[in-house]
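These protein sequences, in sequence, are chains A and B.
Take the first sequence: its letters are residues 1 to 769, numbered as in my numbering.
Take the second sequence: its letters are residues 1 to 297, numbered as in my numbering.
I should point out that these hints are in silico values taken from the structure, not numbers from a laboratory.
On a predicted model such as this, the values are computed, not experimentally measured, just so you know.
Note that beta-carbon positions come from the ideal geometry of N, C-alpha and C, so glycine has one too.
Per the computed footprint, the stretches of chain B lying under chain A, defined by three or more beta-carbons under 8 Å from a beta-carbon of chain A, are:
| no. | stretch |
| --- | --- |
| 1 | 162-171 |
| 2 | 201-215 |
| 3 | 220-226 |
| 4 | 257-267 |
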Amino acid sequence: MKSFSPKVFFSVPVVLGLSLSLSLPSYADDKEDPFAFLLDDNNTVFSKPQAPSKQTDYKGWVEVGFDFTSDDNFSFGQYNGHYEDDLQPIFSLDYRQWQKDKQTTPSYWDVQLWDVGTPIQQGSISYAQPGSFKLTARYDQQFQAGNSTGRTPFIGAGSSDLTLPQNWVSAGSSLGMSELNSSLLSFEQEKERNKFTLDYQQSLMEGWSLSSTLSSEKKTGQQTMGGAFYIDASNPHAIILVEPINQTTTEFDFAVQYGNDQMNLNASYLFSHFDTQETDLQWQNPYDANYGVDVDYPNGVGQMSLAPDNQMHQFRINGNYLINPRYRIQADGSFGRASQDESFLPYSVNPSLTVNTPAPRQSLDGKVDTTTFDIGLYGRPMNKLSVNLKYHFDDRNNQTSRDGYNYIKGDSADQQDDKYTVYNRPYSTQKNRFDLEGSYRLPYQAKASLGYRFENVSRYNTSVEDTDESTIHAGLRVRPFNNTSAKVSLAFSDRAASTYQWDQSYYALLDSELINETPDSQRYNNHPSLSQYYMSNREKTVAKVNLNFIPDRLWSHNLFLIWDDNHYDKTSLGLEADNRQNMTLSSSYLPSTTLSVTAYYSYDLYNAEQNGRSFRGGVEKNAFVTVAPFPQASDPTRDWYSELDDTTHALGFNIEWQAIPSLVDIEFDYNFVDTEGKQTFNTGGASDLAGTSLPAIESRLHHIKLGSTYYFQKDLSIKLNYQFYRLSEKNWAIDDMSADSVDKVVLTEERSANDNIHFVGLSVLYRIP
Amino acid sequence: MEVTMNRLRQLSALFTLVTFYIFSTAAYGEEGINCIACHTSAVNPGLHAIWQTPHGAESANNSSSCIKCHGDSPDHLDSPKDNPPQVSFGPNHQSTIEVQSKQCLSCHQGGDRMLWHGSAHQDEDLTCSQCHTAHAIRDKVLNKTTQTDTCLNCHTSMEAQLRLPSRHPIQEGKTMCSDCHNAHGSSTEASLKEPTLNNTCFRCHAEKRGPFLFEHAPVSEDCSLCHQPHGAVNDNLLNTRGPFLCQQCHSAAFHPSQINDGSGLASRNQNMIGKNCLNCHSKVHGTNHPSGGRLTR
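With these hints in hand, go ahead and build the complete structure from the sequences.
Okay, structure coming up:
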């Protein structure tokens, strides 16, 4: 008999234990759980709270509470609805209810409501069967609070008819208007949008689907605009008006899509209709400018046209086709027609002004056709080599007819002789662009790219007919180490413009009789040496650097640099050069799943250099004299040079901390933005040109947010938010300006923002099981 | 005795085999593969959010949804700690970019994703999962108020621009990056959704569309010639403040060509104070008034 063998005795439990250990799930602890990151959630103070991922058995949540803003303002509350010193409700809801049973296709109802009862409330309700259809109805209210410090002497601000008070005293300048200050009334500058949208998506038979959206947005409110009475440009009499806004934009789009393994196609139609209830704005002339009793106060009336009704139809087809696993072709084409045929307003609303030659037509019947076409061949001839060849065509064809309009100047004088007729200039452009790009994958996850672009832009009815621009760009992306990656790119563009026809706009705008009366040397609107920068010769250099460094699992850093330099090398008057530089440094620190810290600093500088020549008309307008004595237009001592620097420093800091996990969350957020706009001048030496620098235009913002959420029950939590918002601005164009500061412009006495706002919100959040 | 020991050995072997079979097939349910036998809600609660989304809709807490995205993953089933799923989107094990993208695009190729290939994001080797979260009840990037945070992870220079004095309501969640841009690629420059830049702007600013009787040439060509849509130091999202912006293209006799320097402040130069050129020339985007040839009506 053999003795008992330990191998047999222990083999069973060993094998049993082994099989158990291999087949049971591996319960890694939280630190090693690769999905631990999903337990975190970004609950920023002002974002809509999302159910933490760990709470997956909830259908949604509802938030109820109130918040308080300490002061009226137009900065803190510019877009968030908190522009008044008041208490507002907090009510938001997020809920999704599934119907899943084995007999039917699963479906769900989805309801989202945000900020109910506030000026920025929005909501949506959807019903969907995934893979089949989805129907969504949405409502979105937007509110923009504008500068509310302005005042106007007009009665009826917000209407289309602005009149002055009975006791108004007119004068030739604002200083003489003795009742101006006592007549000033506050008005709101605000805009509200209310948009309803219905959206439907349907999957059809294999590969086919359709979608459609219908929306209607109503925009109401008020904003300011300038209006002037004038008989010539040297002596306008202006006042800042309050313009009413009452507009509706209706859009409808419909798309059909088809897709299979080899191709995708989309055909769509978009219709947009813009309708306004306010076609014009009339205002009573506050001046006594010796323009005649029918033009001066109280009889004089001005009329400004507001945006006319318009509509657009657009057809678009786009898609891609997989030729073979290495080559794909993509195309996108569209044709759109925008049209407008609103009846013209009269040359002047003032019936006492004589009109001998009526307008050539009753309405514009304007049409602009926009055609675009893109086609691209994307290939991978070798495993590591990608090549793309693309062509872009873009044509804006303005088919509006060109006619002469013997206009009335500023509702201030009878119609002039027909030789003063001006002609409208319908602008058209056409772009052709070719791109060839290649990239090659190098070892260690690196990639090099090289590309060439050629673009031709043709313009009709402008001073420059053609510009051609060639661009070479190169990039290199490297990943020398697992925790370090860098991308560098450089692009150089050279644009050549055809001959600048300095007299083109003169001939296009004015009547031949007037042109013939004008000396050759004065047949221009803009100085012949001026180059309009977007159509002129240019050398452009863009360099970008993007560095990522992740030293360990706790830290990550990013540095982004961009240098965008434009040099308009053939320009002597106009924008000569501009340059934008940006440096952004951001870091994040995530020491645990319960704490995250992020910070960023950004520096932005925009520098522009532009030149001009200060000159009068008449005999001084001859720009072609080469020997002294020079008329002003030919005199280089009358040149002025301006350099603008807009600098921005921005700093941000954010901490999100589960102070007591599953019990208390705390978030702290701080943002600082400092902007400064400086402008310096030099002159060519003319004695009447000072060349004095302007004071800086400044703004400084401190914005602190502090939030805390206390989960005092499994499905119930309390949120407390506090914000401090401090904005100070300086703008020489409006600060310290009273209504009569400018003799021929009645201002609104608007002031720059100088706000200290405290905001507190308290709400209860309930998670719906 | 020997017979008994032999019998004991046979029984123990049989018992071992049966036990091994029972426990090893715990990962195979009635449907075959049973991912959630291991990835239970107690262990990986975040994953189970997917049952409340369309991705997990049809499966009602079974594994066919997992397989649709992550594949059958036989190697992972055999040795889960050593082998990741067939298609893994992270965080620890990442399938190649091509594998990840192909998996998502197998269902989501059409619509807005149609021009993904050759897009800027695809060229940067971005995967869908770097922006999208399937295992969350609400995908952050599809939410108006949280989408921007995702975009700013890479587009860091925008963080400051979105806070400048003149801006769109992006921080407030009223305008999203995707209202103008198609992150999945488009044929328009800067991945804009509409065929042209101006058409993109007109979707919200239809009052600027016209056509107008008297147009302003740069307006009809390109809104960005004057405006910075992401945020600007100057009012109305202008690149440069007036009157200097206007004087970059206008230098006519008399007031358009005049120097507007610091001495103009003391003299209260009407071309500089208030709305500068727009004190009179307010119809800068174009006008339909027959007396509007100078954009003053």
